[in-house]
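Number of protein chains: 2
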Amino acid sequence: MSNRSSDRPAGDLRKTGMALKHDREWDYELDRIVAAVDERDAKTVGLQLPEGLKRRGPGVADDLRELLPDDVSVMISGQPCYGACDLDTYLMKRTDVFVHFGHSPMKESEKIIYVPLFSNVEVRPIVERALEEELAPPEEEADLGLVTTAQHMNRFEEMREHLEARGYTVQTRRGDERLTHEGQVLGCNYASADVDAEQVLYVGGGKFHPLGLAMEHPEKRVVIADPVNNTVTVADTERFMKQRYGAVHRAMDADSWGVIFCTKIGQGRWERAQEIVERNDDAYLITMDEVTPDRLRNFGLDAYVNTGCPRITTDDGPQFHAPMLTPGEYEIAIGEKPLDSLEFDTFHGTW
Amino acid sequence: MSNRSSDRPAGDLRKTGMALKHDREWDYELDRIVAAVDERDAKTVGLQLPEGLKRRGPGVADDLRELLPDDVSVMISGQPCYGACDLDTYLMKRTDVFVHFGHSPMKESEKIIYVPLFSNVEVRPIVERALEEELAPPEEEADLGLVTTAQHMNRFEEMREHLEARGYTVQTRRGDERLTHEGQVLGCNYASADVDAEQVLYVGGGKFHPLGLAMEHPEKRVVIADPVNNTVTVADTERFMKQRYGAVHRAMDADSWGVIFCTKIGQGRWERAQEIVERNDDAYLITMDEVTPDRLRNFGLDAYVNTGCPRITTDDGPQFHAPMLTPGEYEIAIGEKPLDSLEFDTFHGTW
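These protein sequence lines are chains A and B, in that order.
In terms of our numbering, the first sequence opens at residue 3 and continues consecutively.
In terms of our numbering, the second sequence opens at residue 3 and continues consecutively.
Extracted from the complex, chain A is given alone in its bound form (with noise of 0.2 Å):
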């Protein structure tokens, strides 16, 4: 079987947390999943993998095919995935069996099989450069928050392990029940992060997390240490504040606006789109999966409001034709608060 390698499109932040310079293993944990199809009976079973690994679905379809019985039929989601809060609803009602890779849970499920598909590379020589380079020695900065991304979570306590062996007090914390782990963030949530230090190190691969977590916690000086890519840089936010406000300011001369109301079972904020279309005669409540430019320009209203995912608002706002904003930003745009009090939109709790 040739699977011939995809072209991943330039610029899209939201990816480059798995795109690999190398090829990795990962525990696909097959026993596991063999394991329940055999205490289920099950017939059927359904794979859903992030967008940077879904193309080692059919692989690992292949695997399981050899362990299972014969009668037993493995599909895979073919759904867009960007984390744990996008589950396929529809293969898991209709799978005896379903496993979700590459995510930790959100919410708990005996349906759901968790693969958490750790990224397994070393951690500590890129703490150790971050160490180095960047952060403040431990005699000036002793308190050191420490954060980093699911699919890293199994060598948290070594990166703690290794920066309290050079001095730091490592304050941590498990930021809110959206989150599995102490230390985890997620692209909508770095309560993990607010924890009683200056600096912040966070661990982890790509541009996605780090810039909302700099968002986040203006005030904190965040270090990003990418093990993956072996780089170790600043978080520097002022180009996405930049875009904000332009989205902001562009959107103030709206007299129409789409509210979006994401239909992901774990990017809904029913109350806060409600409550913004009965408080404008102008809004339309729009429900839909994917927040995409296409979907939003057959509409053609001046502006929108994205209660959704906040990464897409933020990271493919300029793709769009028209200003799309988060919550917080819509207050801002048509009066309500004031243009500093624009902030990082986050989503805490679970469904």
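Incorrect hints may have been included.
It does not matter which identical chain is meant; a pair holds if it fits inside one copy or across any two.
List of simulated lysine-lysine pairs, DSS-like, C-alpha gap at most 30 Å [as the list claims (entries may be wrong)]:
#, residue 1, residue 2
1, K222, K113
2, K95, K109
3, K222, K339
No wet-lab data here; the hints were simulated from the structure.
Take the given structure of chain A and dock chain B to it, following the hints.
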């Protein structure tokens, strides 16, 4: 409220049927909707419009809100919608009254109010032109098939009468249960043209339907009378057949196949999809609602079989990075059927 006009992407055949050069009045049947709300003591109304009419959604919502009690909320589906095979089941389940505009019912339900939005454009002039310019006269060919799309069904008898007055024996039928009306065609179903006549008059806008009709009935001469754009043409399927042969040939080298099962309510061909994966070890079943190039590119497989909407395969085929075939074309590509068996892919029945 200002509704800025949206730009339609060039070359999108599926939208040309609804792309009108001038504003026209549709009957949104608001009274019928208001009556249903009253009857069901409804608190929520969901509106689903086809792509080309989504820009009217906010206006319809406004008009409804004026007629409805204040505590009734109106919401609009943002999901792509190309037919009555494509109901927004999420919104349908969560609203007390659900209205589907622009298509005739594929499957009736107490839950759904179908508002056809007949085009109301005059048809006699263009039928007369077709007669003068392209149709063989009744002295040569008395039998004439007559078909149209849902938008013009309210003028169907007018078309028939005009042709009969000119001396034709107009042949019509209702294709099968997937169609609502006698003489109606869908993008995936032209069974209403299975009549005893060598020429068929298709009355309607755009290339979407008549090309499919011609491809499904290569032995008939199909004259296209477009009352919206005021053109009369004869269907020429050569370019499309070349494109399909090209796709089949490119797919013959495939070592891996993605078999797409479309989860839209009226687009599922489960047994067909299952059959393919059961008989091909290099075939993987992938479930999705929207079949788009980006979604397939993620998998990196050599070729794809789309068991969902046939028009995605034939009309959008060139936009995909790997060959995508209909189920029948797949059988040719893997050597189970001869090349000259290539025919148009159609859907029959409902769900």
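Each hint, compared with the structure:
Taking the shortest Cα distances, K222 and K113 never come within 30 Å of each other, neither inside one copy (40 Å) nor across copies (53 Å). In this homomeric assembly, K95 and K109 come within 30 Å of each other (Cα to Cα) both inside a single copy, at 16 Å, and across copies, at 23 Å. Within a single copy, K222 and K339 get their C-alpha atoms as close as 24 Å, which meets the 30 Å cut-off; across copies the closest is 66 Å, which misses it.
When the structure is compared with the earlier hints, a violation turns up for hint 1 alone.
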